[in-house]
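Enquirer: Chains as they are written, first to last, in my numbering: chain Z, 1 to 171; chain Y, 1 to 234.
Bear in mind the hints are in silico, worked out from the structure with no lab data behind them.
Even for Gly, the Cβ is constructed at its ideal location relative to N, Cα and C.
Among the hints, erroneous ones may be present.
To be verified - Residues on chain Y that point at chain Z, a partial pick, calculated with CB under 7 angstroms: (1) H3; (2) R10; (3) A11; (4) E15; (5) E16; (6) A41; (7) L53; (8) L56; (9) P58; (10) I63; (11) M69; (12) G150.
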Amino acid sequence: MSREFDRAFHDLFTDRSAALYRYLSALGGDPTLAEDIVQECFVKLYRRGAMPDDPVAWLVTVANNLLRDDRRRVTRRERITLSRHAEFPLPGAGVPADAGALATERIESVRQALARLPLRDQQLLLMRHAGYRYQEIAAALGLNASSVGTMLVRAGEAFRKAYQERYGTSS
Amino acid sequence: MAHPADGDLRAFLDEELAASLRQELEQHLATCAACRDRLSAIRADVAQTDALLDLLAPPPLHIHADTVMRSARRSRRWWVGIAALLALTIATIAGATVGRPYVRALVEKVRGGAEQPTASPPLRRAGQAGIAFAPGPTTDLVFEARQSSGTMRVSLADTTDVMIDPTSMVTYRVSPGGVIVHNRNSDASYSVVIPRRAAHVRITIAGRLVLEKLGPDVTSGPAATAGGYSIEMR
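Start from the sequences, fold in the hints, and give me the full structure.
Expert: Pasting the structure below:
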């Protein structure tokens with residue numbers, strides 16, 4: 001592995017790993033899994049031995065594939081877990097809850113509102129929120145960069161509507 | 001300029017409009033109250049969306065570029081070794097079967113290239129600095145022998161590397177599957193740190209499984225005491 005590649009890799013990791021992690025954590029709802037996927041993406045990139053034409057889009061594409069594969073793997077396990085959780089009261093189902101429980105409920109509401117959007121809209125909103133530029137979003141998700149603004153407006157509206165339906169207010 | 005679309009206003013807020021379009025839009029906004037109102041509404045929507053998505057912010061990322069590079073190099077060496085071994089086998093069979101000079105030359109060339117990556121990793125010594133390496137899908141920490149004294153203190157932590165810290169010098173050999181500690185005749189005690197997110201870790205002493213961690217849980221081993229698990233090396 002050349003020194004130039006090592007330096008480019010190091011710089012890319014320093015610049016982009018945190019954004020990829022934030023994006024994956026919000027999309028998958030699991031920071032530990034997100035950290036694993038970030039590591040795996042960069043390991044794959046390093047093993048590749050050369051930078052792709054668009055490293056940011058390459059990383060997001062690989063990360064999305066790994067997350068999708070993981071979701072497929074856990075589908076059955078998740079069903080079992082959910083049925084066990086159903087034996088316990090959900091936060092907010094009973095009377096009052098402390099601030100921590102309210103915060104947890106709110107986070108869960110945000111997750112559920114996001115989950116009601118098409119995957120492409122979730123990816124779009126969360127990539128932008130993690131700090132990706134329009135060109136990067138377009139390249140990673142196979143969109144036209146000039147339509148990203150419009151799609152963000154629509155996805156944002158759908159998300160706030162879904163959240164308000166569950167939680168009542170988005171403020 | 002005609003009234004801009006919402007997407008253009010959003011791109012304007014995100015500073016994603018080309019300079020010429022941006023200037024044009026700014027001129028339009030200076031004279032169009034309706035578009036200024038629409039811009040304010042979109043700005044408020046974006047702020048609301050961001051505030052909600054901020055709730056999903058994860059804890060800080062704990063991995064570092066150097067760790068990833070080390071891990072990638074290690075697994076790369078493993079694959080290169082396998083590939084070289086495979087190439088050597090095929091070439092040897094071909095050489096033996098066909099026996100032509102160019103095949104023999106190829107065999108010699110592959111042999112020369114293959115020896116290095118498939119060679120056993122050298123023995124190393126662990127003293128006060130200890131051993132640290134990234135865990136694989138299953139990681140075996142193999143202590144070759146029982147000792148007449150010494151204890152192993154195992155703890156789980158939010159680290160990326162498995163760490164073994166002996167109180168006195170021992171030799172060890174790291175392999176893709178974990179580490180073999182040559183502790184015969186040693187009286188060292190060990191502090192072992194296992195990353196919480198390591199998928200599967202097994203610790204054996206003289207072939208006896210003394211602790212197993214599967215997923216987030218220690219599924220086999222002594223009862224947990226404050227902050228860890230204590231195992232006699234005897």
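Enquirer: Enumerate the violated hints, using their earlier numbering and listing them in ascending order.
Expert: Violated hints (numbers, rising): 1, 4, 6, 12; every other hint is consistent with the structure.
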